[in-house]
Each structure stands twice: as C-alpha cells, then as structure tokens.
Amino acid sequence: MSADLTTINDLYEKINSDPHELDDPNVAHLVIDHNKVLGQHQVPGLHMDVDELEDGIKAVMRLDDNTVLEKQVHLCFGMYPEKGVQRIIMDVTIGKNAKISLLSHCVFPYAIDVQHIMHGQIRVGEGSEYSYFERHVHSPKGGVKVYPNAKVEIGKRATFRTEFELLRGRVGLIEIDYEATCQAESILEMNTRISGRADDVIKVREIGHLVGEHSKGVLTSKIAVRENARAEVYNELTATAAYARGHVDCSEIVQDNGIVSAIPIVRVEHPKAHITHEAAIGSVDNKQLETLMSRGLSEDDAVELIISGLLSRKKK
Amino acid sequence: MMGVLEVKGLSLTLDGNPILNKLDIDFWDGHVHAVVGPNGAGKSTLAATIMGLSGYRDFEGDIIFKGESIKDLDINERAKRRITLAWQEPARFEGLTIRDFIRSSARDKSVDNLKRTLDEVGLDSDEYLMRAVDKTLSGGERKKVELASILAMEPEVALLDEPDSGIDIESIERIFQAVKVLKDKGTTVIMITHSLAVLNQAEHAFLMCNGTIVDKGVVSKIRSYFEDKCIPCPHKNVPRMAKTGGRV
Numbered sequence: 001m002s003a004d005l006t007t008i009n010d011l012y013e014k015i016n017s018d019p020h021e022l023d024d025p026n027v028a029h030l031v032i033d034h035n036k037v038l039g040q041h042q043v044p045g046l047h048m049d050v051d052e053l054e055d056g057i058k059a060v061m062r063l064d065d066n067t068v069l070e071k072q073v074h075l076c077f078g079m080y081p082e083k084g085v086q087r088i089i090m091d092v093t094i095g096k097n098a099k100i101s102l103l104s105h106c107v108f109p110y111a112i113d114v115q116h117i118m119h120g121q122i123r124v125g126e127g128s129e130y131s132y133f134e135r136h137v138h139s140p141k142g143g144v145k146v147y148p149n150a151k152v153e154i155g156k157r158a159t160f161r162t163e164f165e166l167l168r169g170r171v172g173l174i175e176i177d178y179e180a181t182c183q184a185e186s187i188l189e190m191n192t193r194i195s196g197r198a199d200d201v202i203k204v205r206e207i208g209h210l211v212g213e214h215s216k217g218v219l220t221s222k223i224a225v226r227e228n229a230r231a232e233v234y235n236e237l238t239a240t241a242a243y244a245r246g247h248v249d250c251s252e253i254v255q256d257n258g259i260v261s262a263i264p265i266v267r268v269e270h271p272k273a274h275i276t277h278e279a280a281i282g283s284v285d286n287k288q289l290e291t292l293m294s295r296g297l298s299e300d301d302a303v304e305l306i307i308s309g310l311l312s313r314k315k316k
Numbered sequence: 001m002m003g004v005l006e007v008k009g010l011s012l013t014l015d016g017n018p019i020l021n022k023l024d025i026d027f028w029d030g031h032v033h034a035v036v037g038p039n040g041a042g043k044s045t046l047a048a049t050i051m052g053l054s055g056y057r058d059f060e061g062d063i064i065f066k067g068e069s070i071k072d073l074d075i076n077e078r079a080k081r082r083i084t085l086a087w088q089e090p091a092r093f094e095g096l097t098i099r100d101f102i103r104s105s106a107r108d109k110s111v112d113n114l115k116r117t118l119d120e121v122g123l124d125s126d127e128y129l130m131r132a133v134d135k136t137l138s139g140g141e142r143k144k145v146e147l148a149s150i151l152a153m154e155p156e157v158a159l160l161d162e163p164d165s166g167i168d169i170e171s172i173e174r175i176f177q178a179v180k181v182l183k184d185k186g187t188t189v190i191m192i193t194h195s196l197a198v199l200n201q202a203e204h205a206f207l208m209c210n211g212t213i214v215d216k217g218v219v220s221k222i223r224s225y226f227e228d229k230c231i232p233c234p235h236k237n238v239p240r241m242a243k244t245g246g247r248v
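Note that the protein sequences, when read in sequence, are chains A and B. Position one of the first sequence corresponds to residue 1 (my numbering), numbered consecutively onward. Position one of the second sequence corresponds to residue 1 (my numbering), numbered consecutively onward.
Among the clues, some could well be false.
[Unchecked claim] A short list of chain A residues far from chain B (calculated; beta carbon distances all over 12 Å):
1. Lys96
2. Arg135
3. Asp177
4. Arg230
[Unchecked claim] Here are the simulated DMTMM-like pairs of lysine to aspartate or glutamate, each with C-alpha atoms no more than 25 Å apart in a straight line:
5. A:Lys287 with A:Asp300
6. B:Lys109 with A:Asp300
7. A:Lys314 with B:Asp124
8. B:Lys115 with A:Asp301
9. B:Lys80 with A:Asp301
10. B:Lys66 with B:Asp184
11. A:Lys36 with A:Glu54
12. A:Lys314 with B:Glu127
13. B:Lys71 with A:Asp301
Honestly, the hints are just simulated from the structure, not real lab data. Note that the Cβ used here is the ideal one computed from N, Cα and C, for glycine as well.
Please construct the entire structure, taking both the sequences and the accompanying hints into account.
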C-alpha cells in the first residue's frame, strides 16, 4: 500500500467513512493532506484544476451548464502534522440549471498548533442548486485555528445550502465568515452547529443580502459552550426587494462558565419584504433535564443528550 | 395489601402558600391507583414531590419506597429505584429523535423493543421513530411518546399526571391499554386526574382536597362522591373539613 493510500485510509477512518466510496467511478473526489493532492477524480461535466501551493492548494472547480451530479462529490482536507498552516483557496462556478452536492471533511486529528484557512469564492448559476456540507474533526487538544470564509453569489432561481458541523474534538479557535447575495427567487440556507468546551473560542459571522424579488434566506446557528468556552454569533439578513422573505434562528446552550453573545441583525429596506428572528440562549431547560433524570439518566448524561439533540443534523 | 410507596405526614409550602397538608397516602404494590380531586387540590404537587423535582424538595414528612426513605434522593436516584413520572405537559426536545429519547430510558434498548413501545401507545413506529420530540409533534403525540418512554423503562412505580389531557377521544383507549400493559408487568400505577374516564380505569382511588387525602376506597365510592359533590363544589379548595375539622 502506498503512503498516500495509507494516509487516505487513515483520514477516512477518522471520519468513520469508508475510503472505498472513492472507488466508485461516478463519485468525484479530491483528497488533500496539507498541501499535497493525495487523490483526485473527476466526472463528466465537473472540472477541477488543483495547484499545490507552498502552504496549501488552490482549486478551481467548474460545473457545466445543465449538469446534474447524482452522486455527492467528496472533498477531504486533512493535515496530519501537529503544527503548520493549511491554506485552501476554492474558486467554484456552477453553470446554469446544474446541480451538485458536496460533502467536505476537514480532519486535524493530531493538531497542536495548526491553522486551517479557507477562502471560497462561489457563484451559483441561474436555476442551479448547490449544497455543501462541511464536517470538521479536530484533535482533542484544541490546537486548531480555523478560518473559513466565503463570498457567495446566488443567481436567479438558484439555491445555495451550506452546513457547517464541528462536534468532534476540541474547536480550538474558529472564525466563520460567510456572506451571500441572493438574486430573484433564489434560496439561501446557512446552518452552523458547533460544540465548544475548555477554552475554545467560536466566532460566527454569517450575512445574507436578499436583493432579488421573492428571494428567501434562512440563517440558523446552534451552538453549545461548556466549561470556559466562548461564542460570538453575528447573523445579519437584509432584504431590499419586494417579497423577499427571511428568518434568523439562534439557539445557544450555555453550561458551566461558558459565555455566548448573539447579535442578530435583521434589516428590511422594502415595504413588501419580511424577515423574522428568534433566539434562545441559556442553560439547559430544567423541565427537559428533569424529564430525562426521571428516566434514570444522571444530570451530566441528560445534559449531553439534550445538547446532542440540539446540535444534530436536521432531518430533511 | 402490601404498600410499596408510602407518604407520611407530607406538608409542603410553595411561595408562602400551604399546598400539601399533613398528607398520608399508601399505594399498593402492582395496583392501578387514581388520585382524584378538583383543580388546585395539590395532586400534581404530590406527584412532583414524590419524584423529587426541584422546588418540591423542602417539605415535612417522609416518602418511603419499599421500606426505605427516599426523601433525600435526587430525581435520578429515585428513577434508578424505578420510580418515574409522566408530565401533564411533556417537555419538547429540539433535534432529539423519539428513538433516542425512548432508548435513553429503556431497559431493553433494541430497536424492536423501541418500536413495540411506540406501537403500544398507538404511534406508527415506522413513521415516528426518527421524528424529533419537538414542536412538530402535537401535544397528544408528545403525551404518547412520553408514555412510550415510561413503558420502555419498565418502572416499579409510574406516576402519570393527567394521562388523558390533550389526547383525542380515539386515542384515550390506547392510553388506557398502555396502563394495562404497565399493570400486567407489575408496575404500580398512580394516575393523577380530575377525569372520571381516567378514574374508572383505576382499581383503587384517593380523593384529595386542599392538600390532603379526604377519602379513599373503591372507585365506585370515590367516583360517586367526586361526581356529585366535588365537581359542582363552589368552595375552590376550602373544604368544610378545614372549618369543621371533620371529614367532608
């Protein structure tokens, strides 16, 4: 077995996935360890040009017009060394009336002092659908600093869905910064689920601009902080066109000495637009806790179960 | 009859108001009991105190389970002795699946058993198992999920607070069937209610008024008094016995 193959297998083991999924010729994939391309496969209609940089990679991805990928594209960005910087530059263009779903894993299992920086530029063409699910698996030591940021342009009648999950391992420091602009009849969904503990720091900044008529946007943040972890969540949704509809939803659970601040900004600049907001921040609900304890769970186990539910993926 | 759970001289004051007043009650092992009384009689407070919920721990008297005082035990320690409570209005859990909710209490955690308990309360397990215990469920559905988790726990004592509230007429029989399942497995069932339909399911009943037990006996006797005197009673929990010192 080659060293690259061994690394791929190890990475997939860390995320409880089967590397043989990549053997399917209909599954496009890109596997990166630090700045090295370990594996890459393209399918008809999808083009990925990848350059190795000194501290990462630059990937240019194009999906042709009218191309519908039935199978999810697999991306894996890992970094095995304990220290270092990994910079990922992604330039994504989805043509018209196309459809793609990407499953991305970012794995830093042994990090002591690792920075993972991701710059994304994403354009979703008219009538297209783009779904991106990013799951992070970090070391239990918390030595990771993650800076994912993206600018997104969503064309007419297009859909952009992104979901960020960081539940395994310590967060370390994370600063998410996403901003999307939505044209007429487009749909934006941003969903973030992060669990922090110890001295983790979580910063989320998600912004949506509903500039097209009948555009829709939902920003959802679900964060749990325990021990001495801190979280700052900034969600901004603006509507400047008729019949634009939006919703901002923040749910944050605070335990121990954790601190959460949530700043929702909803801004409407058109009399026929409408945006709503709801937030729930605080400790675990006492009735939930006592219900589970009355079934025999310890207080700690009950809190874990409640938080795992809150942070679980929403069933589609 | 053997008493499995005894409450002795229980007095509890909440926000300066006496809610339970030197209450004595004795529940027989494996029987289905009803504690019936008007709104505000203190029935739900009694259940919360037996379970040891926060806010109901500072009382006079004692609670004895199988000869052992449990008054100083935390909720989960009481639950480990297989005492549990179904809330009148069950909690919602965002994102938590019905499967995981029931499994957390189940003695037999197999999927087959979890499905069986859902079917026993009249919920199609194929449809409901992976749904969340959240606001997408109606109040009645949440009551059934709560009862399913009690069934899965196989408790020795199950306190059911207003088991029929929020349940549609067609589903009430399912709830009563579930009570029978509990009894058949040897559970001592204590139903807190002001519903005659629920009272009729019991084998033995207690009449509660103004924080104390004022009568007990066979269901027909208690139902007759409750129906004729308590339901139309205008005194709003200032019973005559409080004035006369006698029985109502």
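Verification of the hints:
At the 12 Å boundary, the C-beta of Lys96 of chain A stays outside the reach of chain B, the nearest C-beta of that chain being 35 Å off. Non-interface status of Arg135 of chain A relative to chain B is upheld: no Cβ of that chain comes within 12 Å, the nearest being about 16 Å off. Consistency note on Asp177 of chain A: stated as away from chain B, and its beta-carbon is indeed over 12 Å from all of that chain's, at 25 Å minimum. The Cβ of Arg230 of chain A lies farther than 12 Å from every Cβ of chain B, with a closest approach of about 22 Å, so its non-interface assignment holds.
Of the supplied pair hints, the one linking Lys287 of chain A and Asp300 of chain A holds, its CA atoms being roughly 15 Å apart against a limit of 25 Å. A distance of roughly 20 Å separates the Cα atoms of Lys109 of chain B and Asp300 of chain A; the hinted pair therefore holds under the 25 Å criterion. Distance restraint check for Lys314 of chain A and Asp124 of chain B: the Cα-Cα separation of roughly 21 Å lies within the 25 Å cut-off, and the hinted pair is therefore satisfied. At roughly 23 Å between alpha-carbon atoms, Lys115 of chain B and Asp301 of chain A fall within 25 Å of each other, so this suggested pair holds.
Taken as a hint, the Lys80 of chain B and Asp301 of chain A pair is honoured in the structure, with Cα atoms around 14 Å apart against an allowance of 25 Å. At most 25 Å may separate the alpha-carbon atoms for a hinted pair to count; Lys66 of chain B and Asp184 of chain B meet this at roughly 20 Å. Our distance criterion of 25 Å between C-alpha atoms is met by Lys36 of chain A and Glu54 of chain A, whose separation comes to about 9 Å. Taking the CA atoms of Lys314 of chain A and Glu127 of chain B, the gap is about 16 Å. The hint holds against a cut of 25 Å.
Our distance criterion of 25 Å between C-alpha atoms is met by Lys71 of chain B and Asp301 of chain A, whose separation comes to about 23 Å.
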